[in-house]
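There are 4 protein chains.
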Amino acid sequence: MKVDKKAIYDAADKLSNWGRWGSDDQVGTLNHIGPTAIIAAAQLVRKGKVFALGLPLDEKLQSGLFGGRWNPIHTMLATGTDAIAGNQDASPNLRYADDAINLPCQCSTQWDALAHIFLDDKMYNGFDARLVDSRGAQKNGIEHTRDKMVGRGVLLDVARHRKLSALPDGYAITSDELDAVAIAQKVEIRKGDFVIVRTGQQEACLEKGEWGTYAGGDAPGLAFDTAYWVYAKNIAGICTDTWGCEVRPNETKEANQPWHWVVIPKIGISMGEIFYVKELAEDCAADGVYEFFFCAPPLNLPGGCGSPINPQAIK
Amino acid sequence: MKVDKKAIYDAADKLSNWGRWGSDDQVGTLNHIGPTAIIAAAQLVRKGKVFALGLPLDEKLQSGLFGGRWNPIHTMLATGTDAIAGNQDASPNLRYADDAINLPCQCSTQWDALAHIFLDDKMYNGFDARLVDSRGAQKNGIEHTRDKMVGRGVLLDVARHRKLSALPDGYAITSDELDAVAIAQKVEIRKGDFVIVRTGQQEACLEKGEWGTYAGGDAPGLAFDTAYWVYAKNIAGICTDTWGCEVRPNETKEANQPWHWVVIPKIGISMGEIFYVKELAEDCAADGVYEFFFCAPPLNLPGGCGSPINPQAIK
Amino acid sequence: MKVDKKAIYDAADKLSNWGRWGSDDQVGTLNHIGPTAIIAAAQLVRKGKVFALGLPLDEKLQSGLFGGRWNPIHTMLATGTDAIAGNQDASPNLRYADDAINLPCQCSTQWDALAHIFLDDKMYNGFDARLVDSRGAQKNGIEHTRDKMVGRGVLLDVARHRKLSALPDGYAITSDELDAVAIAQKVEIRKGDFVIVRTGQQEACLEKGEWGTYAGGDAPGLAFDTAYWVYAKNIAGICTDTWGCEVRPNETKEANQPWHWVVIPKIGISMGEIFYVKELAEDCAADGVYEFFFCAPPLNLPGGCGSPINPQAIK
Amino acid sequence: MKVDKKAIYDAADKLSNWGRWGSDDQVGTLNHIGPTAIIAAAQLVRKGKVFALGLPLDEKLQSGLFGGRWNPIHTMLATGTDAIAGNQDASPNLRYADDAINLPCQCSTQWDALAHIFLDDKMYNGFDARLVDSRGAQKNGIEHTRDKMVGRGVLLDVARHRKLSALPDGYAITSDELDAVAIAQKVEIRKGDFVIVRTGQQEACLEKGEWGTYAGGDAPGLAFDTAYWVYAKNIAGICTDTWGCEVRPNETKEANQPWHWVVIPKIGISMGEIFYVKELAEDCAADGVYEFFFCAPPLNLPGGCGSPINPQAIK
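Residue numbers (my numbering), protein chains in the order written: chain P, 11 to 325; chain R, 11 to 325; chain W, 11 to 325; chain L, 11 to 325.
This is chain P alone, in the form it adopts within the complex (with noise of 0.2 Å):
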């Protein structure tokens, strides 16, 4: 499809959950998850294995490509070295490490809450965007989520599919592309499922040893008209194992992330991005199955545009 700025507002009318859930209701498609769904995607819990979709935080991906992210800092606030230099024998004692950890919400694996983007002057559900300044998101922030991040999970292994171990920058990945996939692996797609979408650009990186652009540069990723089938199918939530879920170059150069235009702020989906799916791959190869359980907390931070996270996938 042409995608133009009619184009964005034309999906944004067409794909809008304003409302949906009420006028106060600040999670958006996770709504579609119920009990029900819960205790089902329970059941996938078959051979008890898990999978850590969190990325080790001391890789170095954000390269100042975009918006002043930083690369996680650790530091220690207390170390065994002192320990045993004796610094911490005052009495009564105790010998210990403590650490602390400074990071963007956006930096490495992570979830977008709803007040991560905005259409025009509005994020999800019609709030102002004025709601988020400097102090935090009064609407839309991410604590809304912190238990809303578990259902089904379904991997659609789209770089595999094509017999690639990484999809090529630029590579769009339409709705039809995502049916075939599912269809090829014999999964269904069912309301509140997350769908994670593997395009193999991360493993590429992690290989090389270098991250290059991957943080914001060209990548692999969903084209524009995939925002129609988020909708359809009524999925809880959408991960990939790229920067920013969808293809860049963008397919217009009217709009930065044209797809983010419309999938958060209207439809209000919980966008994941920065998933390592490596070891959960190949063990959906190897046995066919490509659904679990999928438990990815958010760490309670009110306000939060998005929240750094380790994603668990269990099989």
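Incorrect hints may appear among the rest.
In this list, chains with the same sequence are indistinguishable; a pair is considered to hold if it fits within one copy or across any two.
Said to hold, decoys possible - Under the rule of at most 27 Å between Cα atoms (straight-line distance), these lysine-lysine pairs were calculated in the DSS-like manner: (1) Lys149 to Lys218; (2) Lys288 to Lys149; (3) Lys196 to Lys218; (4) Lys70 to Lys149; (5) Lys59 to Lys149; (6) Lys59 to Lys201; (7) Lys201 to Lys57; (8) Lys70 to Lys218; (9) Lys70 to Lys132; (10) Lys15 to Lys59; (11) Lys263 to Lys173.
Keep in mind that the hints were calculated from the coordinates and are not lab data. A quick note: this is a predicted structure, and the numbers were derived from the prediction, not measured.
Starting from the structure of chain P, add chains R, W and L where the hints point.
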């Protein structure tokens, strides 16, 4: 029992798991959890109800009593007010908010890594404490547990058992009392469990709207003798709603946090602190079911001596 | 004088320096200092005695009363204990310590930049307040003053003049009193001066070892009418030993910090706060010389709305 | 001269200032500056011209080559866009911007404290290196110099003397060359001086707009033999426009930064790095005057192993 340095070293000798899972093991009692236990734990998801056990990160509980920790600092890197001001409209534009979080790993709801506490010159499994220096923990870092914090959770609601809203400061919960509570609650403690003990202290602070000396002062908590209980039960993790799990004032003046001296470095147990359990406890009291699926992934922080978390209890 | 919104806007009209030094000026009253004044100021170095006016950054004066500021966080990136442990001895080796500091620019002894305070929608020289966004100040940032904080300093020791160790909270220092103190001290206020007013409040906190509500609560300080004095005297900078220079409770309930509304945005004066002046004041009282060479360079922080400083008064 | 471990320890023996100013001295060669020198230095203010030697803190010079340092992080706590949005208008209101800065003390223009470098197990004046732990430096911290960085400054412009815009990487500046430059510049080095050596390397980076390996890679700089010069001249401080003052690659493979091993721990000299000297050097070349009043106060950071600074050279 009489608690002194001798009692500490006696317990350290008797309760050592060093070498039990090989000389390079770095996850300790999390080895008690196997695939079968995970599959069984998933069966505990019967109501499809999720409880988030992470305290909101804007609670100002750090009071300077211990170790230079600070309250979480949430700052914004981009805001809706910037967007509305038109400051993000250079073409192609994207209107968005971004943020960052800076926090001690031990400042709110958290896992302690096995690198967090030393016994003399060693940490869990006999590793030299000097392996934890200003660059982080080369051994026993939290990253090793990134896919291990999944299994059966059990709440032992000691405060409710005692018919108190909160146990008083200095109240020492013994092994016998833990057993009595389990019996009263009709729940069995099994190998590989994550046991969460509720004292009510945190809820009292929340109700008062004042943290006082919660972070490092007096508190109800586990008696030293429960180190034996923890070891004998072969549990995977031990968690409380207090700052430091064990009773304060400590049962001896010869050591600060004597129970810590044993349970982390020698038993190798993952310890969860400052868990928020109000709604979970109310639900357990209401339906009489004190077991649940537990999923509490740490951030994948290489060399981390702990991690902020938002544990999920799913019934 | 009666202080209300009308008085504020009257003063704003009468005391405006907008355009006085050109439409792109970003340093305001620092323009009052010329080469001749700097040369003359250097002649005030007669004893070769240096006073550091920066409060130690480990003082915990931030109390949460205002704006999410925190106390400085000093962390280590490498330590002597690491060195002694042998952890820095990979060849070729260097044994060293490194550290980092994280602090609000306004948390301790500091300059306020002209970008710090707005009057309605504008900042100094008529620049739009929207030029200060999450990326910093595009106009009136502290970097423009990087070579301007040099000249003649004058201490007006109001507390000592009143024979008090500290003026009481709520004590409003008027223009008349400033003049009276100058006369009593036999010191003339000249164009381009940095005037430092001593209330004694800070020393009282240091003596008690308690900061209480120093940072944002009641305080002695400059009366609103001194805005006229500041303007008429053509001084370059105005500094005090208090948190916010002006008297608190403020002289009106119609505005928070009414004097700030005028002196930074309209007069364009550099304001120094939380100056530590104990020894300087004692020395001035002892030798009767209240003037000195003043050098208080801010960090060269582009877009900064302030800067931590350690001002030097040299007699 | 041949540089090896033996040469380092020989120099350490010959150039020791331990005990010279008493067993508790913590400022080393800053003791060379007395009141008379400060008074005389003030007389060098003849033109009333101020040069700010602090590099802008938004230059991204840290490249990960050394020690986990990061580029300064400037974040906003309140903004003009918030103000314009009306978000600060709760009564009584104040429209303002606030910010924060997070930076390694050694990441840009900086003083190294005497606690920054160790020789074996000791730091300056024989203090045990273990006194510098995760809580900071208990001895030789930067706070002791808070009123000491004032005196006569001298620029030795080696690059201009060599008629080069920048000395090449690996260029070792010897004692003889320092003397030759001083003679050519007609400036005498005196006891208590702050000597600033210009290589031009930094300006080359600024001109290219690329920092490359400036922070930790090859560089022109002081030869090891200048440790003798530094000691013999009784200067107070030594500064350069490079990352680490001394020539890189170092003159030996047996030590990293061999000159540092001696000059900080044994001579006890305050070392300034990453000084921005372009305009100062141009002015000195133009008027032939290479001496000036120098005032470079560190932040008053107790336990600091360094401090970001914006040194002032005043002619």
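Cross-check of the supplied hints:
| no. | hint | in the structure |
| --- | --- | --- |
| 1 | Lys149 to Lys218 | between (41 Å within a copy, 26 Å between copies) |
| 2 | Lys288 to Lys149 | between (35 Å within a copy, 24 Å between copies) |
| 3 | Lys196 to Lys218 | neither (32 Å within a copy, 54 Å between copies) |
| 4 | Lys70 to Lys149 | between (31 Å within a copy, 21 Å between copies) |
| 5 | Lys59 to Lys149 | between (37 Å within a copy, 24 Å between copies) |
| 6 | Lys59 to Lys201 | both (24 Å within a copy, 18 Å between copies) |
| 7 | Lys201 to Lys57 | both (24 Å within a copy, 19 Å between copies) |
| 8 | Lys70 to Lys218 | both (13 Å within a copy, 25 Å between copies) |
| 9 | Lys70 to Lys132 | neither (33 Å within a copy, 31 Å between copies) |
| 10 | Lys15 to Lys59 | neither (45 Å within a copy, 41 Å between copies) |
| 11 | Lys263 to Lys173 | neither (30 Å within a copy, 49 Å between copies) |
Consistency note: the structure conflicts with the earlier hints numbered 3, 9, 10, 11.
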